[in-house]
Each structure stands twice: as C-alpha cells, then as structure tokens.
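Protein chains in written order, with our numbering: chain A, 1 to 445; chain B, 446 to 904.
The hints are simulated quantities; they were obtained by calculation from the structure and are not laboratory data. Please note that the accuracy of each hint is not assured.
[Said to hold, decoys possible] Computed list of lysine to aspartate or glutamate pairs in DMTMM-like fashion (alpha-carbon distance at most 25 Å, straight line): (1) B:LYS849 x A:ASP51; (2) A:LYS347 x B:GLU583; (3) A:LYS311 x B:ASP572; (4) A:LYS311 x B:ASP639; (5) B:LYS849 x A:GLU104; (6) B:LYS586 x A:ASP351; (7) B:LYS811 x A:GLU96; (8) B:LYS586 x A:ASP340; (9) A:LYS311 x B:ASP633; (10) A:LYS32 x B:GLU561; (11) B:LYS856 x A:GLU104; (12) B:LYS811 x A:ASP88; (13) A:LYS311 x B:GLU525; (14) A:LYS442 x B:GLU589; (15) B:LYS856 x A:GLU96; (16) B:LYS586 x A:GLU307; (17) B:LYS565 x A:GLU306; (18) A:LYS311 x B:GLU583; (19) B:LYS811 x A:ASP92; (20) B:LYS811 x A:ASP90; (21) B:LYS606 x A:ASP440; (22) A:LYS311 x B:GLU531; (23) A:LYS32 x B:GLU824; (24) B:LYS586 x B:GLU600; (25) A:LYS311 x B:ASP580.
[Unchecked claim] Among the chain B residues that face chain A by a calculated CB cut under 7 Å, a handful are: (26) GLY540; (27) GLU593; (28) LEU597; (29) PRO704.
Ideal Cβ positions, reconstructed from N, Cα and C, are used throughout, including at glycine.
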Amino acid sequence: MTAERNVTRVMLRRLFVLAGVLCASLAQAGPKVESWVTGSGAKVMYVHAPDLPMVDVRIVFDAGSARDGDLPGLARFTSAMLSEGAGDWDADALAERLESRGIELGSSSLRDMAWVSVRSLVEPEVLNVALDTAATVLAKPRFDDVAVERVRQQMQIGLRRSLQSPGTVAQRRFFSTLYADHPYAHSPDGDETSLAAISRADLQDYHRRYYVAANAVIAIVGDVNRDAAEQIAARVTGGLAVGNHAPALPAVPAVSGGELREHFPSSQTHIYVGQTGMSRHDPDYYPLYVGNHVLGGGGLVSTLGEEVRNKRGLSYSVYSYFSPMRVDGPFLMVAQTKNDQANAALKVMRDTLRRFVDEGPDEQELADAKQNLIGGFPLRIASNSKIVEYLAMMGFYDYPLDHLDTLPQKIADVTVEQVRDAFRRRIGNGSAIAVIVGGDGKGSS
Amino acid sequence: MAFKHLIRFLPLTAVLVAPVAMAQVSEFSLANGMQVIVKEDHRAPVVVSQVWYKVGSSYEPDGLTGISHALEHMMFKGTESVGPGEFSRTISALGGDENAFTSRDYTAYFEMLASEHLEKALELEADRMRNLLLDPVEFAKEIEVVKEERRLRTEDKPSGKVYEQFSAVAWRASTYRNPVIGWMTDLDNMTNDDLVAWYRRWYAPNNATLVVVGDVDPGQVRSLAERYFAGIATSEIPALKPVAEPAQSGETRVEVRVPARQPYLMLGYKAPIIGTAAEPWEPYALYVLANVLDGGNSARLSRDLVRGDAIAASAGAEYGPYSRLPGMFLLDGTPTDGHTTAELEQALRAQVERLRAELIDEGELKRIVTQAVASKVYEADSLFAQAMEIGMLETIGLDWRLLKTEIDAIKAVTPEQVRSVAERYLTDDNLTVATLAPLPMDGAARVPRSAAAGVRHDS
Numbered sequence: 001m002t003a004e005r006n007v008t009r010v011m012l013r014r015l016f017v018l019a020g021v022l023c024a025s026l027a028q029a030g031p032k033v034e035s036w037v038t039g040s041g042a043k044v045m046y047v048h049a050p051d052l053p054m055v056d057v058r059i060v061f062d063a064g065s066a067r068d069g070d071l072p073g074l075a076r077f078t079s080a081m082l083s084e085g086a087g088d089w090d091a092d093a094l095a096e097r098l099e100s101r102g103i104e105l106g107s108s109s110l111r112d113m114a115w116v117s118v119r120s121l122v123e124p125e126v127l128n129v130a131l132d133t134a135a136t137v138l139a140k141p142r143f144d145d146v147a148v149e150r151v152r153q154q155m156q157i158g159l160r161r162s163l164q165s166p167g168t169v170a171q172r173r174f175f176s177t178l179y180a181d182h183p184y185a186h187s188p189d190g191d192e193t194s195l196a197a198i199s200r201a202d203l204q205d206y207h208r209r210y211y212v213a214a215n216a217v218i219a220i221v222g223d224v225n226r227d228a229a230e231q232i233a234a235r236v237t238g239g240l241a242v243g244n245h246a247p248a249l250p251a252v253p254a255v256s257g258g259e260l261r262e263h264f265p266s267s268q269t270h271i272y273v274g275q276t277g278m279s280r281h282d283p284d285y286y287p288l289y290v291g292n293h294v295l296g297g298g299g300l301v302s303t304l305g306e307e308v309r310n311k312r313g314l315s316y317s318v319y320s321y322f323s324p325m326r327v328d329g330p331f332l333m334v335a336q337t338k339n340d341q342a343n344a345a346l347k348v349m350r351d352t353l354r355r356f357v358d359e360g361p362d363e364q365e366l367a368d369a370k371q372n373l374i375g376g377f378p379l380r381i382a383s384n385s386k387i388v389e390y391l392a393m394m395g396f397y398d399y400p401l402d403h404l405d406t407l408p409q410k411i412a413d414v415t416v417e418q419v420r421d422a423f424r425r426r427i428g429n430g431s432a433i434a435v436i437v438g439g440d441g442k443g444s445s
Numbered sequence: 446m447a448f449k450h451l452i453r454f455l456p457l458t459a460v461l462v463a464p465v466a467m468a469q470v471s472e473f474s475l476a477n478g479m480q481v482i483v484k485e486d487h488r489a490p491v492v493v494s495q496v497w498y499k500v501g502s503s504y505e506p507d508g509l510t511g512i513s514h515a516l517e518h519m520m521f522k523g524t525e526s527v528g529p530g531e532f533s534r535t536i537s538a539l540g541g542d543e544n545a546f547t548s549r550d551y552t553a554y555f556e557m558l559a560s561e562h563l564e565k566a567l568e569l570e571a572d573r574m575r576n577l578l579l580d581p582v583e584f585a586k587e588i589e590v591v592k593e594e595r596r597l598r599t600e601d602k603p604s605g606k607v608y609e610q611f612s613a614v615a616w617r618a619s620t621y622r623n624p625v626i627g628w629m630t631d632l633d634n635m636t637n638d639d640l641v642a643w644y645r646r647w648y649a650p651n652n653a654t655l656v657v658v659g660d661v662d663p664g665q666v667r668s669l670a671e672r673y674f675a676g677i678a679t680s681e682i683p684a685l686k687p688v689a690e691p692a693q694s695g696e697t698r699v700e701v702r703v704p705a706r707q708p709y710l711m712l713g714y715k716a717p718i719i720g721t722a723a724e725p726w727e728p729y730a731l732y733v734l735a736n737v738l739d740g741g742n743s744a745r746l747s748r749d750l751v752r753g754d755a756i757a758a759s760a761g762a763e764y765g766p767y768s769r770l771p772g773m774f775l776l777d778g779t780p781t782d783g784h785t786t787a788e789l790e791q792a793l794r795a796q797v798e799r800l801r802a803e804l805i806d807e808g809e810l811k812r813i814v815t816q817a818v819a820s821k822v823y824e825a826d827s828l829f830a831q832a833m834e835i836g837m838l839e840t841i842g843l844d845w846r847l848l849k850t851e852i853d854a855i856k857a858v859t860p861e862q863v864r865s866v867a868e869r870y871l872t873d874d875n876l877t878v879a880t881l882a883p884l885p886m887d888g889a890a891r892v893p894r895s896a897a898a899g900v901r902h903d904s
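Excised from the complex, chain B in its bound form (with noise of 0.2 Å):
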C-alpha cells in the first residue's frame, strides 16, 4: 500500500488510462484561445477543475532552472483583489481541497470541491492568471520554503539524488536533464523579476487548458468559462527553439556516492514517445515491454530476479509513452545481501537481452491486455485520475481522444513488434546506469568501493 509515501499524480507504468464506455466528454475554445473540457461524472455530487498551463522545468534555461515550480508557489501569495493566502483561505472555507504541481512539460492548478462551488474555483484561477502581484517580500520567505523542499526531496533522500543525477547524464541537450525543482544555486541566485518576466511570458488563456471533471452541465461550465476567462487578452507566446538530443554512442555511467544503507541502480534507455516515434506503434509496443517486465508479481522481474535467483530485493520497469520530448525506459532495483549493484546490472541487462532474442508469450500479451481493460475501470473511480490524464494530454501537444484509442493500439501490439522495439531502442550504446554506492552514515572515512563491493561479493 502507498500509504507512506507521497501521493503521486501519475501512475508509473500504467500510464494507459480512461473508462471503459468513454464518458461524456465537451471541449471547446473560448475566443481567447483558452481551451476548455469538461467531463461529466454525476456519481458524487463534486468536481475537480484543474488549470494547465504549457510550462515546466522543460522550458527552462539554464540558470533559472526551478522556476516554473518557484512560480507555482509564489500563485498563492497573492492578486490585486486577493490577498496572500486567501485563495486557499477561499477554497478551504468551502469545504474544498487546492494545490498545485510542476512536472518538466508543464505547471498545473487544482481545486476539488462540491460542484456547486465550482464557480469560485473559476473566478479565482482567473484572477491569478493576469493579475498576480509577485511581491518580493513573499519571494524572499518562499524561495526558502522551495530550498527546503529540495533539501527533503533530493538533498538529504539518496534515491532522489540518483535520479537527479542519472538524468543530468543521461540527456545531454534535451532540457529533461534539468531537475524540476531546479538546482540549487539557481534557486540562490532567482530573482523576484526573474520570476514577473517567467509569469508574463507563460501565463495567459492561449497557454492554458481548463480541464473540469464532475458532477457539471457543460453548459454550465461554458457560461462559467466565459464569464471569467474570457476577458482575459490573449498574449504572444514565444515559440521554443527545438531541443534535438544527440544519438548517444555508448553507455554511459554515474557514480552517486552519499550516506546510505543500501546500494540502489537505475537503468535508462533513450526511447521515444508518441509523437516522435518512426512507426506509430512504437511506443505501445514499449509499453507492453514495460509490462512484460514489470505489470506486477507475475511480470518477469519479479517471478526472475525477486524471487527465481532472487537477486533483488526490488526491482521494477517503467516507460511512459506521454511527454513533450522522447523519454527514457528506465529500470531500477535494490540488490539483495551478498549480491552487488554490478551484478543486478547484469541481470537486468540480461533480461533485456532476452527481449531481444526471444518472442513474447501470447499469455504474458493476454495478461496485459486485460490488466490495461480492468485498470481502465478502476480509473474511473477517480475523478482526479480522468481531469489529470486530459489535461497532460493536451498540455504536452497531444489530442485527449487518444485514450478512446489506447486499449484498441495495445490490443494490437504483436510479440514481434515487442521484439523489434527492444532490438531497435534497447541497446547498449543507447543506455544510461546509475549507481548509489553507499558512504556509512556515521561520517566514518570513506570506504573505497572497490573494497566495499569485494566484501558483498564474498558474503
């Protein structure tokens, strides 16, 4: 159960979502360019409004990395007409829940509430959208509050650190090797202006979607819509230059050594998306693969490397076919005692290599197929779940009617384009590894790691 950890916004795997009889879904643009969708879900009497903006750590420069999400924070401190901390003062005292999160393709606003409190949700993401104060005072206590947050979620947590640095190698041109949350001299040195001229450049209807699922009328909602958004002038929105990263010609490695207790390995492979992928169903195919691998303890790295030679203590797949730019495969697990990040590596190196040689069991496609039909299901008992897979969709440049199509293009997916993926993208020139080579946490002299891995090997 997830109950220790931080509720995550997107699932890892799956990422494959949306009921199985496609509920009623509006869309429509306001004159302003403001996108609008709006789903009805009459089961509860509530809503979730959700505000997406096409921004995130992915447009960052460099030197002012962070500041999609230091800009997330600073939209709760305050308009011209509402003071700091009175959005949330305003959402709370109707019985409602806010927040907000920044991910690399975009910053998005939410509020879930009874319906008939929608309306305020709308008059109040409007108002900030044009008329945010930025005020420097409030800057300088929050950009403390984000360092904090980034002292918790990756200075001080050891897995958080690998990624960071896994992806800082991994990419060499694409933006994705930013961490969002930025680092931490960026932050040091951001300025409130630095941040008036991020919100000016980003924040305006054209650059938003309002996705809104519930208990609503569409009509309703329009009228709402255009009552409040629809006043608000279209700006320029500068285009972005095109990031191209370069093919990579051979693996590249990373060392991470920090106080921890226990070794830990992240694989990545360059993969690419839907979108950018040469044949359509590419990425569909990976996501098969990822499930071959990882769609639960009957997937192969539990049933081979958990417990067959039980060589790790966890080990898991994960690719998502959704993003702005192409993406990664990654791979990760913890070893068990008296077995080495070096040898983990080369099981699950074999395990692709496997995928590679050898066709897929109809079986293990059947299995996926029908988790990818139940979990549609069980998607649709969360109303977040649905505004949120609408509006990634349509933030990163795609249609949302691709989730009608999702489970048709996974039904599709034959053993041999499973194969043919893992030949084509899972290869060695093309892979990215990361280790977490633990330092003692009692600030004792470090231990070469050519000793300390000897000493696992021989236990």
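Only chain A is shown next, with the shape it has when bound in the complex (with noise of 0.2 Å):
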C-alpha cells in the first residue's frame, strides 16, 4: 500500500546512507564481534545476542549495481530472481515452505552490494528449514522463463512508478551526470532498454560469477552461539561455488561544474547539488563525515536545515550527506520546493555550502556535533537488527574488528582546522553540478 497514514515533522532518510555513519561513545564498547572465515572462503561476522529466540542472517556479495557491465538491472534483476523459485520449489512452494514457518526472507541490492536476510526463530525444526532455504535460494534459484518474464515486468512497472517523481528522476540525471561512464553512472533499477534486453542467461552468468562464496559475507546475529553460528555460515554458503572476488572498481572521473535542468508536471522542484565525495576508506573520512554532520547530516540541527527551512521556509526535507562506497560515493546537498523559488532555495544552498567551506564549523557546531554522533552510539546498535546491517557493512568494507571500539575516538579527534582543510581541498575545488527538475525546469516565476 502506498498511502500516507502518518505525517511527520522531518522527513527520516534512507537507512543505506545510515549505515556508513556509525558512531560509537568513548566510554562504550560496541557489541564482541567475532569473524572467521569458512571452508568455501566466506567471510563471517558474527555478534551473540541471546536475549531473545531469533536469529537474523545478511549474505552479501559484492553484486550490486556497479557490476552491471552494460546492462543496467541486471544486478536488481538477479537479487529478485533469487525468492522467485530454487532447487525442487518454485515460488509458490518456496513462500509456502517459508512463511508457514514464520521465516522472513528477502533480497536486495544497491549499487556496491547485494544482500539476502533471512530472520528466523531459533527453535531447531524452524531454523533448520530456513537455513536449507536460503542455501538454496543463494546456490540454485532456477530463473524459470514464466518468473523471468513476471519479474522483468514487475520491475519495468516500479521503474516507470518511480519515475513519476521529479525526486527520482533529479537523482539519476544528478548519478549519470557526475559519474558518466562509470559502473556507478546508471541507476540500480536499469533502464527500459536494458530491462527488455536481460536475458535468462544474463541472470545465470551474473548468478554464477558474483555469487560465489570467495564473494560473500556473512553477518550473523541472534541467540545462536559460536558453535551454531559456524554451522549457520557453513550451512548457508554450502552450495555456493568458491570462485572469485568480484574485480576492483574503476576510479571516478574527473566533473568540472555544470547545471542541468528539466520539465516535469510537478508543483515542486527538486535541487539536487553535488560531486564526487569519499571512498569507505577515505584518509578524510572523519573529518568530511563529522563535518558534514553540521552542515547537513543532522538534520534541522544543521546549518542546512537552519539556512533553508527554519530562517526561510523553504523546504520540507532538506540534507547533505557523504555516501561512502567501494570506491568515491557522492556528496551531495538535496532539497525541493515549490517551482518559482527553486532558484532562491539554490542559491541558499550554494552559499550555505560556499560559506562552510570557508570557515568551517565554529568550535561550539564541531563539539555539538561529536556529541550527537558519539552519545548517539548505544541507538546505533540497540537492536538485532541494526547490528546485523553494521557487521554486513563492515565485512563488506573490510573494517577492522575493532572498528566500533576505535570509532568515538576518531570522531573526537577531528578538529576544526581538519574538517576545514579536507572540505575546503575536497569540495570548495569548484566542481559541483546541479541538477534542478521540476515545474519549466526555469526555477523563478
């Protein structure tokens, strides 16, 4: 259903962004992580966490949409296929064997990574089934014609839904622009042209190569101990062929500024500013994250939020954000409002980020801002569920074990004059584009 039955007061944001801005209080370790490698050559995480009878796995593969080659989807595709029918079950028989049981199972992707979860209570009869399950579904998901031609179609469908907001359309044009012929240009959900190209033997191929064992991580969480959780990862990858790492990615071009605007029957506008950003193991990472903290990332308390909505009434949801990825993510500046103010809402933006980037925080915005993120550690991983999408990010991105012990740390050490230096060599380089869409796409009246 896609209704709107609640409305609140600041728009929340997507979890994926999130998931890179973890924090951790200086006085609080975070949860025992643990990790090992199995037989097949999979990475495992794994946090014990006996409080209550259930358990969650994330599988991930690096087989997201960077590795799409020239078929955009295809990496969406393939994540879809996978609860569509595997081993003796179609996909009747698979949501039956599942769902009677109580098992949540999904799959999904974005642009670095491809991920099943399965959350299952931990009475044996239960868990047994929902590990065979998802064993199967990672090693032998059958990609039958009928769910091939249904899926296809399901996703030409949610493609072209999303593209009735100016919002999603901002945001491809403002990816294809910055990254050009980049793995990371093209959107995760493809385009029409390739989502009618996708063959059933794209799908296998791309199955076969990227989900591999030497490919995965596994993030386990829940009231398994150490000796079950090996046995879940051994389980769970069992089918999988070892095979190979998926290739490094090729570095991010060089953009050199530019606006783009365009039409769209909206009342509003959507402001899209930004550039290339950081990497997972950027050497600024600290100090363009917590930065960014003040100047767009926490929320109405963020110079951002101040400048554009408190002072001026602008715009409802309006952030900045790094997303940090395999290699550079975009920083970007998001806001939209109604059509013939579009161009004052970006010139407030402009200059809020112009004036940041010259003088930096103030003493006071940099400790607030350290505070929220650190105090804020125990939310961060207050529940199974959290802690499960940290340890997949963190295997993914090749983190220390200790990573979440580090962390408060490294965000108290930042300092003005850092976080001034890296934003002023990273972003005041003069190489933002704009992406405006709505309304004439003119942006005054």
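Both chains are sitting in their own frames, so use the hints and assemble them into the complex.
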C-alpha cells in the first residue's frame, strides 16, 4: 500500500546512507564481534545476542549495480529472481515453505552490494528449514522463464512508477552526469532498454559469477552460540562455488561543474547539488563525515536545515550527505521547493556550502556534532536488526573488528582545522554540479 | 527492502504486535490525569520516550484541516524558556534522536536516547505541553514548510493523490475523509491564532499519555514524571460530538486523472474495528482475512494475481483493527502491461467473492497464526515498535492489555467466522473504488479515457 497514514515533522532519510555513519561512545565499547572464514572462503561476522529467541542472517555479495556491465538493472534483476524459485521449489512452494514457519527472507541490492536477509526463530525445526532454504536460494535459483518474464515486467512497472517522482528523476540525472561512464552512473533500477534486453542467460551468468563464496560476507546476530553460528555460516554457503572476489572498480572520473535543468509536471522543483565525495577508506573520512554532520547531516540541527527551512521556510526536507562507497561515492545537498522559488533555494544552498567551506564549523558546532554522533552510539546498535546491518557493512568494506570500539575516538579527534582543510580540498574545488527538475525547469516566476 | 521509502510507524497488514513473553509493564496516572506506562527492556542502555496526545486530523472541523499537524511542527519552535530549535539541539547534543508524527487519531512526540538522559527529554516535553510560545513570525515560515510537505507527499505523488481522493469520497460524515496534512486552502488560510486555540484546547496532562520503553526503572520514571508533569494543571477537554458514518447503500467510484506513467487501483470496504464491531471476534476475523489475501508471497493475491494470472504487478490488502472511528478494509494494486485497472478490479472482487462463498483452508489459518506468533518475537527487537503499540492503543481509547490477548484471539478465529465477516462487510454496496488514470507526463493533450483503456485492452 502506498497511502500516507502518518505525517512526520522531519522526513526520515534513507537508511543506507546512515549505514555509513555509525558512531561509538568513547566510554562504551561496541558489541563483541567475532569473525572467521568458512571452508569455502566466505567471511563471517558474528555477534551473540541471546535475549530474544531469534536470529538474523545477512549474506552480502559484491554484486550490486556497479557490476551490471552494459546491462543496467542486471544486479537487481538477479537479486529479485532468488526468491522466485530455487532447487526443487517454484515460487509458490518456496513462499509456502518459509511463511508457514514464520520465516522472513528478503533480497535486495544497491550500487556496491547485493544481499539476502533471513530472520527466523531459533527453534531447531524452524531454523533448519530457514537455513536449508536460504542455502538453496543462494546456490540454486531456477530462473524459470515464466518467473523471469514476470519479474522483468514488475521491474519495468516499478521503474515507470519511480519516474513519476521528480525527485527520482533528479537523482538519476545527478548520478549519470556525475559518474559519466563509471559503473556508478546508472541507477540500480536499470532503464527500459536494458530491462527489455536482459536474458535468462545473462541472469544465470551474473549469478554464477558473483554469488560465490569468495565474494560473500555473512553477518549473524542472534540467540545462537559460536558453534551454532559456524554451522549456520557453513550451511547457508554450502552450495556456493568458491569463485573469485569481484575485481576492483575503476576510479571515478573528474567532473568540472555544470547545471542541468529539466521540466516536469510537478508543483515542486527538486534540487540535487553535489560532486564526487569519498570512499569507505578515505583518508579524509572522519573530517568530512563529522563536518557534514554540522553542514546538513544532523537534520534540522544543521546549517542547511537552519538556512533553508528554519529561517526561510523554503523546503520540508533538506539535508546533505556523503555516501561513502567502495570507490568515491557522492557528496550531495538535496532540497525541494515550489517551482517559482527553486532558484532562491539553490542560491541559499550554494551560499551555505560556500560559507561552510570558507569558514568551517565553529568550535561549538563541531563539539555539538561530535556529542550527537558519539552519544548516539548506543542507539545505533540497540537492536539485532541494526547490528546485523553494521556487521555486514564492516565485513563488506573490510573494516577491522574493533571498528566500533575505535570509532568514537576517531570522531572525537576531529578538529575544526581538519574539517576546514578537508572541505576546502575536496568540496571547495568548483566541481559541484546542480540538477534541477520540476515545473518548467526555470526555477523562478 | 524498504530502504527507499519513508519509514512508516505503523505496520501495514500486521497491526498486531507484542513480545511473546510480555515484558514487565508498569502503569500509573498522575493526580492531574496524565497516564504513564513504562515497559522495561534492558537489552541495551537506551530508552524511547513518547508523549501521545488525543488529537489528530479526525478531531478537526472543516476549514481547519491539517491544524493538528501544523501545531506539531510548531511544537519545536520554542517556549517561554526554550528558544526556537533549542529542543532539537538539546536532544541532539545528548546523542538523541527526536521527531513527532500526526495521524488521524493522535499526535505524538518522541525522543530516543541513552537511558541516562531520559530526564532531559521529560523536562522538555513537560515544558512544551503547557508553555509553547506560538510566535506569529515563526508560524508564517513554518506553515510554508508544511505546504512544501503537502506538495511533496500529495500534490506531486500520484498514489498520494489517489488515497486523498479515495478517502474524500468514501467517507460522507466521518472525519477520516480529510487528509492528515490538511487541504491546501485550509493551510493557506490557517492563522497563528487558530493554533493558539487548538493548543489550549487539546494540550493538557489529562489528554496525554507518556510511554517509556527501555532500560529504565519504573520507580525512577514515576518520580521523574511526577517532578516534571505533576505540576501542570488539568484542563477541561471538550467532548467531541459523535460522528456516525451513514450506512453506504451503493458502490462509490472516483477517477483521478493526473500525469503518471502507471495506472493504479484502490478498493475499500467500510469495516468495523475493535470497540464498534457487532461481535468482538469480527476484527480478528477481518485481520485473518486480510492475511489470507496478503500475508506474504504465499498468500492469495501474490499466488493468484501476481503469479498465477499475472494480472497484477503488485497487489495488497490491509486492515487495521485499531482506530478511533470505524475503518476500512483496503485492497490495492497495479495492473501488468496488457491489463487494465478494470480487469484488476474484477480479479480483486473475484477474490473477495471467493471468500464469501468458500471457507478458507485450515493450512492458511495455521500459517497466519504462525506468522503472528513469530512477528511478536521479531517486534520485540524494536523499542520504538513496542512503545508505538502501547501509545496508539491508549490514545484511541483502548487498553494496551489487548496486546496480551491478540494471539489467542487470532488463534480462536474459525474459517466460518472469516466467511461470515466477508459476507457481512465485503459487499458491493459497501465498496468505494478509486482509479488512477494516467495523463501524459509531457503535458500533451489529454487522452480520452475510453481510448486509452481500449489501447491497453488490445495490447
């Protein structure tokens, strides 16, 4: 269902962005993370959480849309096919097998990663079925012709529905302009041409190549001890070929500014301003990340929120973020406003960024941002579902096991000077592009 | 996965939640009438604090639609002692998250933070329960933000428009006909004085419930609640005039023609809820019925319409037994290429007809009970969901203890009862249908609907 039942004061943002922003209390260590490698070469990340009689297992592959090649949407199409029949079970049998036992199984993908998530009670009869089914889904998806055609059309329709939103269109244009011919350029949703062209053999090849143990990370959180977790990891990956890890991604191309305007039958114009940001292991990671929290990462308690929304009432949802990825993900400022004041909003956003780059945060702003990030650490790991996402992220991007323990100190160590220096070098270099979609695209009356 | 969407605060079909072994819950009220409910969860050193007010869009008269939500925005704009935005800055500097949400039956404010900081959250909430400034200059800016929110959620979103139009025609007298965010004209004409009156009318301890879930000691929460809220004087809360939706005696239809790329369809049958149902088991039978149709990929809509006949790219059913006024059993879907919304509507209605004619399988019933039991365990992983269900039930006038008996009530539902509620409520005379008929996105001339439908028929 798509109807809005609740209306919130602040738009809650996409979780995967937040997945990059975990943070830790100085005084408080994170959960005890254990890690090992299965016999077939998959890395496992595990946290024992005995309070609830349930377990979450998340199997992540380096198989996101960055691996689509010349068939945009291939990664997501492959991911969507996993639960459409595997081994001896067609889609009906598979769904019945899981749901009659209260097991939840999902799959999805972004630019870097593709994953399958399983949530099950730990009673043995149920968990055994969950694990056997997940193993089969990962290793032996059927790609039945009828299911391929069904999912193809679902993706085409999903794509068309998403293109009814000016925000989606603006975001697609932003990525395609910024990343040019880089694999991050196209949307994981693909495009009409490609979705029509992808064949069963393409899906099978993609699965054979990327859904392999050497390309997998398994995160496990729940009421299972270490021995049981080792068995779980071995079982869910038992059918996978060893294979190879996906190759390194190319460096992102340089872009030198520009503005793209597009009309859209909408009352609001959506504004995306940004440029190349940073990678997961970027040397400027912490200054950029903490600095952005001051600029536009802290919701309404941020400079952009103050300037665009609180002071001027220009936009409901305004924010900025770095999306740290395998190679440089984007830095973005986003807002949307009624068509005739889009240029005014764009100017405020640009002026705010320029001032931030020139002056940096003041000591108090930085201290407050650090307090929020560090003090909020217990919230970020307050549930099994949150912990399993972090484990998957840490395993996927090769963070050290003590990452959660050392993070608070790294945040605390960031200085105003480091933020100013990093923003000047990385953001204040005149390479920002602006994408403006809505109304007649002119942005003024 | 839901990463691309807004986070929703209410589960859709499964409105039934609570941990298997009900954790320790304490309940008390202050002398001024404020209810306090504390649920202990000591898994992590964090707490969720929510203050719920019995006011929402269903309380609003014509001309003032959206005022509850607009006031919710203004609750962050300062009191006599806390400056504009300072509430958020204070919670943020403590490492906390805060926000608020408005629905038809409630307005709620929440903080999530390390449990050691609960006191600050309560102090701030108590302050704005009575001391809000409502500065006209702040209001003039914030109402523009609310209008932008309406543009984002409704004006430029075809499915949002369909739902708004659907509700507006489905309900004749019930105030559920109005959008939570309000009609644009009402937002245009809303004044700061309107908000002042609305705030004085509804924001009082005897119209509020405090729900605290997390790593806390109930005795300590009690003394904090006493310290900050007990001094707030009781107000006289006006009784709402009763609203009775007249019986519907014929199908209602609305077509929404807006620029879009995909048609879309929504069907709703007026349905009773807990508290208004003729028999106490009826809402649970309707819950089971919704899950027979849409309780996952093995349920009938996925199996028969998405896969079997491949007539729907997606299809769903939704029923919530918990609301203040009688509700709606909803169905929706998007047809596949080559099929029309008319064909999808027929297919959905055929599914309903089958429920009226045949008993559901014992296997389906068993699956639904198993899923409900499992989801109770899964829900216990979220402090927010636990607080949400307690606060929502209390605020719509039910007892949170209903959560303890939900599973037993679902287990007691029989196939005959499911057929009975289908026969009684899912009738043609009780139905409203809304369709989205896409206009070209490029602003070209409008295509007559019959022609457009004909093209799709032939393809």
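For the pair supplied as a hint, B:LYS856 and A:GLU104, confirm whether the alpha-carbon distance does not exceed 25 Å.
-> holds (21 Å)
Hey, B:LYS586 versus A:ASP340, does the alpha-carbon distance stay inside 25 Å?
-> holds (17 Å)
Under the criterion that the straight-line Cα-Cα distance not exceed 25 Å, is the pair B:LYS856, A:GLU96 satisfied?
-> holds (19 Å)
Does the alpha-carbon distance linking B:LYS586 and B:GLU600 stay inside the 25 Å limit?
-> holds (20 Å)
Proposed interface contact between B:LEU597 and chain A, which counts if any beta carbon pair is under 7 Å | holds (6 Å)
Holds or violated: are the alpha carbons of A:LYS311 and B:ASP580 at most 25 Å from each other?
-> holds (14 Å)
Given pair status - A:GLU307, B:LYS586, alpha carbons within 25 Å = Holds - the C-alpha atoms of A:GLU307 and B:LYS586 are around 12 Å apart, at most 25 Å.
Per the CB criterion, is B:GLY540 less than 7 Å away from chain A?
-> With a minimum Cβ separation of about 2 Å from chain A (threshold 7 Å), the hint on B:GLY540 holds.
Does the alpha-carbon distance linking B:LYS811 and A:ASP92 stay inside the 25 Å limit?
-> holds (17 Å)
Sort out whether B:GLU561 lies within 25 Å of A:LYS32, counting only the CA atoms.
-> holds (23 Å)
Taking only the CA atoms, is the gap from B:LYS811 to A:ASP88 under or equal to 25 Å?
-> holds (24 Å)
So, B:PRO704 near chain A? Judge it on the closest CB pair being under 7 Å.
-> holds (4 Å)
Hint check: no violations occur; every hint is consistent with the structure.
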